Amino acid sequence: MPTDRKDLEARLAAAKPQDTTRGLSFNALFDSIEEHLGKADAVALDPEHKGHRVEFFSYPVADFLRISFDAADRMTRKLGSPDAAFRAFGYRMLAHVFGSKIGATMLAFAGRNGVRALLGQAVPGDRAMVSYGTRKGEWGGERHARVTFDGDFMVAPYHCGIFQATIDAVGAKAERVEGRQTGLLASEYDVVWTDPA
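Per this note's numbering, the very first residue in the sequence shown carries number -19; after that it's consecutive.
If you're looking for bench data, these hints aren't it; they were derived computationally from the structure.
Be aware that one or more of the hints could be misleading.
List time: in silico DSBU-like cross-link candidates among lysine-lysine, alpha-carbon distance up to 30 Å [unchecked claim]:
| no. | residue 1 | residue 2 |
| --- | --- | --- |
| 1 | Lys58 | Lys19 |
| 2 | Lys81 | Lys19 |
| 3 | Lys30 | Lys19 |
| 4 | Lys153 | Lys(-4) |
| 5 | Lys(-14) | Lys116 |
| 6 | Lys116 | Lys153 |
| 7 | Lys(-4) | Lys30 |
| 8 | Lys153 | Lys81 |
| 9 | Lys30 | Lys(-14) |
| 10 | Lys81 | Lys116 |
| 11 | Lys30 | Lys58 |
| 12 | Lys(-14) | Lys19 |
| 13 | Lys58 | Lys(-14) |
| 14 | Lys153 | Lys58 |
| 15 | Lys81 | Lys30 |
| 16 | Lys(-4) | Lys(-14) |
Just the calculated beta-carbon pair ranges, DEER-fashion [what the hints assert, rightly or not]:
| no. | residue 1 | residue 2 | range |
| --- | --- | --- | --- |
| 17 | Ala88 | Gln161 | 28 to 38 Å |
| 18 | Ala154 | Asp130 | 39 to 49 Å |
| 19 | Gly79 | Glu122 | 41 to 51 Å |
| 20 | Phe89 | Met(-19) | 40 to 50 Å |
| 21 | Gly18 | Ser61 | 12 to 22 Å |
| 22 | Asp175 | Lys(-14) | 36 to 46 Å |
Keep in mind it's a predicted model, so treat the numbers as computed, not measured.
Glycine included, every Cβ here is placed at the ideal spot set by N, Cα and C.
Construct all of the structure, not just a fragment, from the sequences and the given hints.
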């Protein structure tokens, strides 16, 4: 089943030149494409034919959307669905963050309440990555986060991948990571986990 091209066109139509994401997100996307399809596909899917961006520079989210939807179509045969591909892209993006010096510091400060501490940092931290949208987090319990996104260009499975990577990074166990679109650029998530023993 291919990606929803009408959904992509609607997202692209809503994107303005000032709506950007960091090169780190692009590089995680290219790395995920390379892992599943090979280096040649990562370069071919890049309109700049580089398969790489400067990590801390900002680039149009419209480019990111085009690349990710095209890559998800190519990866569906291998991963089973576009949603699985988008989850892989989100998971890899956060793995890149945690592999950086800043990310390593975040993990160190998270301590025993790892997932809760990291999710508490996610709302302000996301603002350092993208120029658009608003995020709101609230707690449904000690190990249950509810997060809402408004004005966000990525599909829900992408963010589910990010939440899954957050849980895995501290050795916790995901009980539920669910996301749903509530509008074209709006989504909400339930993240429930069990802390490591």
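These are the hints, each one checked on the structure:
1. Lys58 - Lys19: 16 Å, holds
2. Lys81 - Lys19: The hint holds at about 26 Å.
3. Lys30 - Lys19: Between Lys30 and Lys19 the Cα gap is close to 10 Å, so the pair holds against 30 Å.
4. Lys153 - Lys(-4): 38 Å, violated
5. Lys(-14) - Lys116: Distance ~27 Å between Lys(-14) and Lys116 Cα, so the pair holds.
6. Lys116 - Lys153: Answer holds: Lys116 to Lys153 is near 23 Å, not above 30 Å.
7. Lys(-4) - Lys30: Roughly 23 Å between the alpha carbons, so the hint for Lys(-4) and Lys30 holds.
8. Lys153 - Lys81: Status holds; Cα separation ~25 Å.
9. Lys30 - Lys(-14): 27 Å, holds
10. Lys81 - Lys116: Holds: Lys81 and Lys116 sit about 26 Å apart, inside 30 Å.
11. Lys30 - Lys58: Given that 30 Å is the threshold and the Cα spacing comes to 24 Å, the pair holds.
12. Lys(-14) - Lys19: 28 Å, holds
13. Lys58 - Lys(-14): 23 Å, holds
14. Lys153 - Lys58: 25 Å, holds
15. Lys81 - Lys30: Distance of about 25 Å is within 30 Å: holds.
16. Lys(-4) - Lys(-14): The hint holds at about 18 Å.
17. Ala88 - Gln161: 28 to 38 Å: 35 Å, holds
18. Ala154 - Asp130: 39 to 49 Å: Once the Cβ atoms are compared, 24 Å apart, the range 39 to 49 Å for Asp130 and Ala154 is violated.
19. Gly79 - Glu122: 41 to 51 Å: Given range 41 to 51 Å: violated, Cβ gap about 28 Å.
20. Phe89 - Met(-19): 40 to 50 Å: Holds, since Phe89 and Met(-19) (Cβ atoms, about 41 Å apart) stay within the stated range.
21. Gly18 - Ser61: 12 to 22 Å: 20 Å, holds
22. Asp175 - Lys(-14): 36 to 46 Å: Given a distance of about 41 Å, which is inside 36 to 46 Å, the answer is holds.
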